[in-house]
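Colleague: Chain residues, written in single-letter form:
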Amino acid sequence: MAKTILAVDDSGSLRQMVAFSLKAAGYEVVSAVDGQDGLNKAKEKTVDLVLTDQNMPIMDGLTMITNLRSLASYQKVPILMLTTESSDEMKAKGKAAGANGWLVKPFDPKRLIEVVQKVIG
Amino acid sequence: MKGNKLAPKNLPVAELRQLLTAVSDHGTQHLHEVEADLNQTAFLLTGAIEKLGESFMAIHAAVNHQQDEIDTLLIEAEVPEASYQKILLLRKQIADEVNAAVTGLQFQDMTSQLIERVIKRIDGLRESLIALSVHGEDMNPDHEHQEIVKLLAEMSAGLHLRNDALKGGLRKSVQQHDMRSGDVELF
Chain A
9 MAKTILAVDD SGSLRQMVAF SLKAAGYEVV SAVDGQDGLN KAKEKTVDLV LTDQNMPIMD
69 GLTMITNLRS LASYQKVPIL MLTTESSDEM KAKGKAAGAN GWLVKPFDPK RLIEVVQKVI
129 G
Chain B
3 MKGNKLAPKN LPVAELRQLL TAVSDHGTQH LHEVEADLNQ TAFLLTGAIE KLGESFMAIH
63 AAVNHQQDEI DTLLIEAEVP EASYQKILLL RKQIADEVNA AVTGLQFQDM TSQLIERVIK
123 RIDGLRESLI ALSVHGEDMN PDHEHQEIVK LLAEMSAGLH LRNDALKGGL RKSVQQHDMR
183 SGDVELF
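Chains A and B, in that order, are what the protein sequence lines are.
Numbered by this note's numbering, the letters in the first sequence go through residues 9 to 129 in order.
Numbered by this note's numbering, the letters in the second sequence go through residues 3 to 189 in order.
For reference, chain B alone in the conformation it holds in the complex (with noise of 0.2 angstroms):
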């Protein structure tokens, strides 16, 4: 053996499908897990904001009943200028913390987002871990040098295909931070 090349009988090619094989099958079944803990994230946001939405109409309905109430009573009872000062205070502070809450309950449009791209990535990545495993399948201790050069080459070519098309497919529409309400420009 001249340098650092290794003739072909010598070349640890069983050894190498089955870091292939292992780093696919490893990374396969973390990623599965990582996609199950997504989803059930997603399912509980999803769930989470439905009540918090029921919650918030009917905690709107009935402010707005007990505001009607309150109005009937100060037309037909005398209520000292500072109550009335006071209820007319609590109802701009109602008012602005329905406005601020309506604006937070808007979360999960941004985090649902935000999931289904992680997906697609975890998808993209799944992909190219069982290409590695299936090309590791292609390799046999039989071949030359020369053949073992080419499919790694072939392997490394396939996974930047696969990067770039993922890439691609993956522009984030999601820049927020926070849930400070965004800007408002008019053509």
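Next up, chain A with everything else stripped away, as it sits in the complex (with noise of 0.2 angstroms):
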């Protein structure tokens, strides 16, 4: 059975990239417009990882994570950043919130596939 990956991002285009390349790789995947709508989706049914923008309207990624991390359901799923932040400190605060890993936009796919080959096989 496919697994399944949930992509948060405020962009449209970028959920686009980020489907295309991850299907054609054999997952499900589950987008999302920002952090509110991919916690909902997040609770509606537990994804095998979570793959986040940071900067969205109503609810920015990291917020979303430690909203995530407070279910019981996501104490342990994967959660990876992909976003154009690339500053130590914001990696410091992605990692302390509870992400598993930072991708720096823009993504390379076969980069992207690896990562999440990796990460959840």
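Source of the hints: derived by calculation from the structure; they are not laboratory data.
A few of these clues could be false.
[To be verified] In silico negatives: residues of chain B with every beta carbon more than 12 angstroms from chain A:
id	residue
1	P82
2	Q110
3	M181
[Claimed, not checked] List time: in silico DSS-like cross-link candidates among lysine-lysine, alpha-carbon distance up to 25 angstroms:
id	chain 1	residue 1	chain 2	residue 2
4	B	K88	A	K99
5	A	K101	B	K174
6	A	K49	A	K31
7	A	K103	B	K174
[What the hints assert, rightly or not] Not everything, but these chain A residues come out facing chain B in the computed CB check (under 8 angstroms):
id	residue
8	K11
9	T12
10	F115
Since we're looking at a predicted model, the values are computed, not measured.
For glycine and all other residues, C-beta sits at the position ideal for the given N, C-alpha and C.
Relying on the hints, combine the two individually framed chains into one complex.
Modeller: So, in structure tokens, the structure goes:
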């Protein structure tokens, strides 16, 4: 059975490219348009991995991660940030919130799949 | 009149008010044009990425179908080894180009964040210019010298405050200067 990845990004083109890359590698993709939408969709169905942007309206990525980590079902689900942010300060905040990795945009699909496979197989 | 001090009645308050109003009006007008151009640019970029994304998906689907047909032909027909190898090479080249296109098609996410930041800066600058004009209107030719000095000091302090507030709300989230793929770090 294909593993499911929740991809959260407010940019339509990014969601399209992420979904395209992950589906081509055999993953199922659930997309969300911001942190709140991501949180709602994560609660509807526990996914195998969360891939999220940071700067989004309504709820940012770090806040969503903090909320997800407070849920019993998301204590151990890997969460990766995929963002334009690249500073050590932001990465440290991500790590503290519970992220398991940091990918700086733009992403290379081949590299993204390698990382996802390494994290969830 | 001693030194460069002006007697209250000689202060060019009317001219100062006129100058502040002109700076504010002209500045606001130009900022309005800049903002309109940026919004138009953002709109065009959004339209462009939507069309590019749709075309990319359609081309990719067509190429996949074409490759499936070629696979069928390769099974059914006798194909010279050289042709077979050439087809494999082209297939790899297409896959590499698809990857490169996916990376390139992410430009709008970054440009939209940068444009959003510029528009926030324009809003802040516009507010400062409007404040200049409003303070200018508070000046009166009948004001004492010290009152004018106080008003100017308040204007200056207000501008500094607005500037600091603007800087605080404008953290730069996009440092990229090209479309090379970014770093990856697992914690």
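Colleague: Against each hint, give a clear statement of whether it holds in the structure.
Modeller: Cross-check of the supplied hints:
1. P82: Consistent with the label, B:P82 stays out of reach of chain A, its closest Cβ about 30 angstroms off (over 12 angstroms).
2. Q110: Given that some Cβ of chain A is not farther than 12 angstroms from that of B:Q110, nearest at about 5 angstroms, it is violated.
3. M181: violated, 6 angstroms
4. B:K88 with A:K99: Roughly 45 angstroms separates the two Cα atoms, so the pair is violated.
5. A:K101 with B:K174: holds, 16 angstroms
6. A:K49 with A:K31: holds, 18 angstroms
7. A:K103 with B:K174: holds, 20 angstroms
8. K11: violated, 18 angstroms
9. T12: violated, 20 angstroms
10. F115: holds, 6 angstroms
Consistency with the previously given hints fails for numbers 2, 3, 4, 8 and 9, ordered from lowest to highest.
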